[in-house]
Amino acid sequence: MSALSSRFLLRNSVGIIGATIILTAVAIAVFAPLIAPVTASQIDLRARLAPPFFVDGGSIKHLMGTDNLGRDIFSRLIYGSRISLAVGTAAALLGAVIGSLMGILAGYFGGKVDGVISWFVDVQLAFPFTLLAIFLLGTLGGGFYAVVIVLALATWVNYARVVRAQVLTVKVQDYVLAARAVGVGTPRTLWRYIFANSTAPIIVVASFSTAQAILTQAALSFLGVGIDPSIPSWGAMLNDGRDYLQKAWWIATFPGLAIALTVLGVNLFGDWLRDRLDPRSAR
Amino acid sequence: MSRPLLDVKDLDVRFGPLHAVRGVSFSVAPGETLGVVGESGSGKSTTMLAVLGLHPKRQANVAADRLEFDGEDLLSKSDGQMRDLRGRRVGLIFQDPLAALNPLMTVGKQIGEVLIRHRGLDKQSARGEAVKLLERTGVPDPMRRASQFPHQFSGGMRQRVMIAIALAGRPDLLIADEPTTALDVTVQAEIVRLIRDIQQANGMGLVWITHDLALMARVADRVMVMYAGAVVEEAPVDRLYAMPRHPYTAGLLGSIARLDQPRGKRARAIAGTPPAMDQPISGCAFAPRCPVRFDKCAAAPPLVSLDEGVRAACWRLTGEQA
Amino acid sequence: MTHPADTALPVSEAVALKVQYQTRQRNWRGQLSTTTVRAVDGIDLAIRSGEAVALVGESGCGKSTLGRALLRLEHVSEGAVHFAGSDLTGLGEPMLRPLRRNMQMVFQDPFSSLNPRMRIGETLAEPLLVHGLASKAEARARVAEILEIVGLDPAVATRHPHAFSGGQRQRIAIARAVIARPKFVVADEPISALDISVQAQILDLFEDLKERFALTYLFISHDLAVVRHIADRVAVMYLGRIVEEGSPESVFDNPLHPYTQALLAAVPSPDPVRERSRPAATLQGEPPSPAATISGCRFRGRCAHAMPICETSDPALATGGDGKQAVACFLHHEQSF
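For the record, the sequence lines run as chains A, B and C. Take 1 as the starting number for the first sequence in our numbering and just add one per residue. Take 1 as the starting number for the second sequence in our numbering and just add one per residue. Take 1 as the starting number for the third sequence in our numbering and just add one per residue.
These aren't lab readings, by the way, just hints derived from the structure by calculation. Be careful, since some hints might not be right.
To be verified - Simulated pairs of lysine-lysine, DSSO-like, Cα-Cα distance not exceeding 30 Å:
| no. | chain 1 | residue 1 | chain 2 | residue 2 |
| --- | --- | --- | --- | --- |
| 1 | C | Lys183 | A | Lys171 |
| 2 | B | Lys265 | C | Lys210 |
| 3 | C | Lys324 | C | Lys183 |
| 4 | C | Lys324 | B | Lys265 |
| 5 | B | Lys109 | B | Lys132 |
| 6 | B | Lys109 | B | Lys123 |
| 7 | A | Lys171 | C | Lys136 |
| 8 | B | Lys57 | B | Lys77 |
| 9 | A | Lys171 | C | Lys18 |
| 10 | C | Lys18 | A | Lys112 |
| 11 | B | Lys265 | C | Lys183 |
If we strip away everything but chain A, and leave its shape as in the complex, we get:
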């Protein structure tokens, strides 16, 4: 291997580790049926609360043990990645669309528009989000889409704030004034000149928001609102294991570790991305 490529690996190790974790998680979600030994909902009452294989009484048959209904934790974890990743990604994307739009409008037009949007941002930041989520899910009813919308509402603020700040610096650039001097209309200016030059922080915030959404979805499932608990998700599994923390610690521990590891991967990748994309965060 040449010196250059080993230096590349060293310099970008954080990003490479993050990307590896994310790609592994995505691969597991996509190929779940091929990887999981049994289906997620297969109940084996004879093997209730079996411990993981490395504990006395555990067996290779259930690598991470089973839960109170004898379902295989390892398989549930694999299938559960689908909901967790899907919710995380969808919420982060929807949040990005809403938040970027609001950020652009607030930053470009300023004045009253900025005032109203910034007021919403401040109110939301001051309001305990879990309370809002429980209230909204109570009125909207649960389900995948409802959870995605609620989580998008949790993350749009992040986007709105960084995009607004970015637009404030972009809109005073000469090329924006040049667009006006040429006679370019407002929608095109916003899209091709302002937004096109404000995307770097959006990508970075998206990675952090995905992590945030995965965690919040888990918390909501843990609280018993949101997605149907019979569908395996890491958050729901955490909830299931709550009552057995003393007797069978593995039910909650493995999904907890999965969440922690995935969030870590996304955060590492986001960190690396920020350093690569944003010259101002260069150390």
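Given chain A, work out where chains B and C should sit, using these hints.
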């Protein structure tokens, strides 16, 4: 002529693949002003920073056959010794005084710091001396100004503060890197006069780096023209402007707009742009833009003495006879 | 003043124009104070068809603001701005937009005036497409043509700005300004951010384009030597006001206003012999802040010839000398008092 203050032979500076300075030789005598002119990327600032040991050692590879200040070899000096030399014996002024001044410290304190460190003054006398230096550099009301912060000064006044700091160690050599480029012409004229007055009073050597050929005519005794990391011509100021030898110098002088010439007298500009410095240059670096290039230019021309004090690197001046 | 185009309607005109900014600041006790910055403080200037007018002055004198105000890229506080016979003063951006094809601008810093996310071809086609002057295919041909005219390879149209040097970018910015064949171009310090040999190249380009397109333009610069070589008429600005105006020959060879004289005396010339015999510059101090309130002549604080009247009255721009130029100085209009 007495021993030169600064004597540089065959200086080379590389930043990884970037070969920024390619075999530059020059000297500066006490009381003399050497003007260094060139475009951005010509290596004029890089050369001077290398002389002062200001390139980070990890990034820059500096080599020279000779690099002496007042007879002392600079290449063998430690970082600490170089720092001492810079504060005491060599002063430095930059284009952007705001970037070089500490925004959180009063101007008087910043000058005082240099005095305490390099002239061994105590706090009390450093303060008094700082005020004197401000007065000498033409800052009005120096007592009050000494207790103000850099942002309370205009561009021209800040540059005076920088000059005061540079003079605090009573240097034998002052290096001025585009000190008036950011200033208006009327302010520029005052700063030029100030630096020249100080030089005449204390006989220090002066290196003035600029891209402005008109300004150069005002400040320099001797001019060194740089192109693509090398010296292409060096001559006493009167000779250079009266009879530029190198086609680059001649092209520049002919194409710049002059206030003392009516419209239509200006020659067409030299076409093209300088070469990229991260590539090896074969032959004469100026040849691709040169109106008088010929087959010999495929080899790099040496810098040769033409007559008293004039050096140039062009085959047209030497090669046809050879 | 005699000028061949004197009788023609001005292309661009400022009438008693003022551009002011209010800045509000709270001090540490929370008291609100408002400062008014008078960037342009009462200017009359008419630019006629085919003319290259240069606006010179030191930083902060308001020359850039005036240039942008003529294109209505600035608000107008008082007075009026006319373009090709129509009054732009009260127009909002939607009303101005269709007029913009005929008035264009070149900025100082070519590193910030081109959208880094757009290809050169898109940037250049923008004026044509926005104003519906060409189809996409026609625009492509026009882009290739203009690139050739400004001295670039038409193949560069597919590349982004970061691939170009400062001089090349400025050529692109100039191409954008002239591609729709505007009636009027404002060039704001278009060469001062460039290297010396490139400055000369861009000056050459301006001269070529002026001939080729019969361009009318306002050239804003702090470099008097450059102005002498490209302008048909020169206006010298000081603190928001034009203090002297006339042909380059009259203004540069026979400056009347003490400020013009001081400015010219400070410009170095690439001639060491001449430089040595140059008298010491006469101008002391720095211009007052445009936020300060000044009574009488705004230059009197730095003027070697200040008289009692300069403290009480503000001199208007009026014909002075042998009638070839206009000057705002009481030394030269005895007839007015």
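>> Please list, smallest to largest, the hint numbers that this structure does not respect.
In response: Result: no hint breaks.
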